[in-house]
Amino acid sequence: MSAIVSDDDELINGLGSEVVITKPVPGNHMARTRKRWSSGSTEKRPKVINKLIDGVHTDVAKDYISPGQLYSTESGRLFHAGKILIVLVGLPATSKTLLSVAITRYTRWLGVRTRSFHVSEYRREKIRAEKGEVPDDYFSAKPTSKEGIQYRKEILSKMIQDMTEFFDEKKGQLAVYDALNILKDDRSSIEQAFGKLHIKVLFIESVVTDPVLQKRNVDLAIKSEDYKGWVLKRAEEDYMERLQANKYLYQEMSPEEKLSYVKYINFGEKLTVNNNNYGYLINKIVFFLMNLRDKRGCVYFARCGTSVKDKYIDDEELNGEGLEYSRILTDLVLDLVNRRRLNANDDGADVPRTPSLVSLNERSKSPLIATSASLKRTESTGNAMYRQPASGDGVDDDSFVVWTAPRKRTYDTAKYFADLGITVRQRNQLQQLHPGVVADMTDEEIREKFPSEYEEYLRDPYHFRFSRAESYHDLAVRMEPLLLEMERMCGDILIIGHESTLRVLYGYLMAFSCSEIPRLTFTRDELIEISFGPFENKVNRIPIVMD
Amino acid sequence: MPVYTVSNVQNIRVCVVMVGLPARGKSFISQKIVRYLSWLSIQAKCFNVGNYRRQHAGAEQPNADFFDFGNKEAYKIRQHAVTMAVEDMMRWFNEKGGVVAILDATNSTSERREWILKLCRENAIEPMFLESWCDDQDLILRNISEVKTTSPDYQGIDPDVATKDFLERISKYESVYEPLDEEVDKDKTFVRLINVAQQVIINRIETYLESRIVFYVMNLHIRPRSIWLSRHGESIYNVEKKIGGDSHLSPRGLQYASKLPELVKRSAGDVDLTVWTSTLVRTGETAQHLPYKQLQWKALDELDAGVCDGMTYEEIEEIYPEDFKARDDNKYEYRYRGGESYRDVVIRLEPIIMELERQENILIITHQAVLRCIYAYFMNVPQEESPWMSIPLHTLIKLEPRAYGTNVTRIKANIPAVSTYKEKGTSQVGESDLNSGNSRSVLTSAPELNEQQEST
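Chain order of the listed sequences is X and C. Quick note: the first sequence, position 227, residue 227 per the UniProt record's numbering, numbers continuous. Quick note: the second sequence, position 410, residue 410 per the UniProt record's numbering, numbers continuous.
Derived by calculation from the structure, the hints in this document are not laboratory data. Please read all numbers here as calculations on a predicted model, not as lab measurements. Honestly, I wouldn't trust all of these hints.
Stated by the list, open to error - So the derived label-pair ranges between C-beta atoms look like this:
hint, chain 1, residue 1, chain 2, residue 2, range
1, X, Glu121, C, Thr150, 51 to 61 Å
2, X, Tyr248, C, Lys186, 26 to 36 Å
3, X, Thr209, C, Ile77, 37 to 47 Å
4, X, Lys258, C, Asp138, 14 to 24 Å
5, C, Arg142, X, Gly382, 24 to 34 Å
6, X, Glu256, C, Thr109, 30 to 40 Å
7, C, Lys186, X, Lys158, 34 to 44 Å
8, X, Gly132, C, Asp272, 33 to 43 Å
9, C, Arg142, X, Pro255, 36 to 46 Å
10, X, Thr209, C, Arg223, 27 to 37 Å
11, X, Pro255, C, Leu167, 50 to 60 Å
12, X, Gly382, C, Thr150, 38 to 48 Å
13, X, Glu169, C, Lys293, 22 to 32 Å
We put the beta carbon where it would ideally sit given N, CA and C, even for glycine.
Isolated chain X, as found in the complex (with noise of 0.2 Å):
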């Protein structure tokens, strides 16, 4: 029998001694000391949150929990994953950038310390700190003249430091590194680099063949903050000469290179992954981007209508008010929709649609204006000859969902949309969080019914589960899939539901920390209309107006 291992056990009964239980302690003598999570108590909050930026971009603190964390450890890293760099590479117009924040985002909400680098982002701040010019040449991979070589190669390296140091000294886990990368030399000298530092590297490989998901991102681009004031044409032109001188020397990835990488074709319309062996994270990646879609919608949040006691407990109808609320919400999202497909049809920017004569009598049926996609959606049904259309919802770029609750009031609150043919869903997963003991209850009622859970609610209200109740992290975490299809959904998406689960979705669309979350409001005159960016989402927020 081999001693007692602990210090204190063998300083109180002599050294070497062995401790033999004889009868039992009464009371939680070894209790469990460690949390599920370590709190997160320490972290300084805002006392007013601007609801309006996305959080993606901003550092995450020492102790930063995440909305969809199952536990946290002291290193700060998950799943034995180690340290990875995701290395991009494509040419301009491919959606790196896109994808480096998108993987940043979700990462982040899985617990993952991660943080994405973004070229042009270095690029813009150099300018702005030296008031200086880009050279001519900068934007090829491989600058010629003497000045381009030099701004290339002080902005990468950098970069690189800057990478270095948030896997040494930020706890780093995960750093999406946004730049070309097109050629052989680049990526094995990254591979090197890092693998030196017990780093592994996983490249994903952004390739655009459809010339349609080409042009969107080249109309993107001239927008975008690198064109202001620019003439579009010219815009267009200087950009596309940016493509052309790439292209030319663009090495494609190949498994002669021995790299890990993944090839994103087409915005994941295929993908091909080849010699991962990095583990669960990169294959959640990889899951991650098998969902991900180029988003031509908008992702519209509202409340329920009121009912006439508006208790957790009872399962209400609306009432008058409610239903008036509804029917102004209706008029309301459909015309935003609308209008925006409008200018979309007008802006020779996006794929042109040509409203044939059945859509035209099809769009007098329907509230939406109808393009060619949900179209050949009804003729393909069951005919052999095409493919099927997908089970899931929001497949078509000009898709319009609703998801409701499964409680009354918020499914009655749909059902002007209902009425009108519009899709309309009960979700399981966005049932309000479960307010055990406490529901329907004000703070103040529960402080003086259960004081010592109300204190330690007040510390930690993300993970804190009152009795029966459900916490924000239960939530979350049971909402995933959620998060998921809404990045399937291509169209647009309203999600009528209670605040707890519209807090978690914002949550995670704003990337808020869990900190914030619980402390989101959402009120019933406002709708809220997401907008998806490269760079950033963009929140709307519009007045309903009752009359």
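Following the hints, complete the assembly by docking chain C onto the known chain X.
For chain C alone, kept in the frame of chain X given last:
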């Protein structure tokens, strides 16, 4: 109770059509997918065409000639078997509300695949083809030796004869095999696994559930390996009949820890393995003498009993009588005040399961509830039963995942320990006679049992 782990299965139908030569791990992958989805409470079923051929088409143990594509008579029988399988599958979708069906067959010609594609599409389903392509001879040979010993086609047949016949059968298929083509099939939904997961090609995945299946399959490998499971040695709290806590081992528990290296060695021989423990003291102490690489996982920590942590069952019954009863009524869903339910544990274990699938030989030293969940996953134990399984202390369990099921072996340390098993409806711990009541011993009532008790 809502299904927590995956979304919107209403109106979703996924049909996975396996593709590949014999001995490429197709059945293994199919079985795995079914297990994984069932573990996540999603209706899934595998339709194995070989079974239809054996049971309904009257070809129980045919030899290789049967699989000759020139053999008209046999081809008819095979066609009949696949038709029955597909018809059953559609019936299962339409009448039983099935969500994920797997058509497990070689489907090696594009003609056959087009035929299935047509049938599926007429039922408004876009199938997902899942091909396992492999030219790694080692891997194939290992699979062959596995098939010849476990496939019903070769039951009771001399292994050498079986191997020879099976190789011949494979060559018949090779002569007509047309792998999925990235160009020709570019409009279909398909996944190609090249040499397990050395390269994975994913084409036109269009639903969340499909992506989830692909994600899972990417984590699988078909190299043979074993997983050993053990609870920590008897702890001081076990002796005191308390649940949870973070106590040290009792002297008998420490004895188990000392004996564990020998037990593992006896079962594993010289193979290398990695030890996973939880972050609680008692699993670390149990692993302390093991001469292998060790990793700690917070996700392996015991089910959190919340306010009941550190109490005896008797105390819980006294202080929280309603909770005590509620837990007995639905142990899987019951969540301790401020703690976790079995379902919560399953959700947090998912990354562990994925990582476990990716790894080779692993020894997991963890806790009763966590072990029940892991065991339930490998052995396909339904969730009404899994929380009630008895997993005794001081016992090493060996799992060997195989194409047609998982083999279980248990190795008892023969070091006495208290029983921590609590039957339904009582606050007393300890197992009563097996035939007397609700007790479910993991090793006597679990499916796919293959008990080889060690005696020392």
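Evaluated hints:
Between Glu121 of chain X and Thr150 of chain C, the C-beta spacing of about 57 Å keeps the proposed range 51 to 61 Å intact. One distance hint, 26 to 36 Å for the beta-carbon pair Tyr248 of chain X and Lys186 of chain C, holds here, with the actual separation near 27 Å. Between Thr209 of chain X and Ile77 of chain C, the C-beta spacing of about 45 Å keeps the proposed range 37 to 47 Å intact. Taking 14 to 24 Å as the suggested C-beta distance range, the pair Lys258 of chain X and Asp138 of chain C conforms, at roughly 21 Å.
Distance hint check for Arg142 of chain C and Gly382 of chain X: the Cβ-Cβ separation is about 43 Å, which falls outside the suggested range of 24 to 34 Å. Evaluation of the 30 to 40 Å hint for Glu256 of chain X and Thr109 of chain C yields a pass: the beta carbon distance comes to about 32 Å. Between Lys186 of chain C and Lys158 of chain X, the C-beta spacing of about 42 Å keeps the proposed range 34 to 44 Å intact. Judged by the Cβ atoms, the range 33 to 43 Å given for Gly132 of chain X and Asp272 of chain C is violated: they are separated by roughly 57 Å.
At about 24 Å, the CB distance of Arg142 of chain C to Pro255 of chain X disagrees with the hint of 36 to 46 Å. Checked against the hint of 27 to 37 Å, the pair Thr209 of chain X and Arg223 of chain C passes, with Cβ atoms roughly 36 Å apart. Evaluation of the 50 to 60 Å hint for Pro255 of chain X and Leu167 of chain C yields a failure: the beta carbon distance comes to about 30 Å. Between Gly382 of chain X and Thr150 of chain C the beta carbon distance is about 40 Å. The supplied range of 38 to 48 Å therefore holds.
The hinted window of 22 to 32 Å between Glu169 of chain X and Lys293 of chain C holds, with their beta carbons roughly 28 Å apart.
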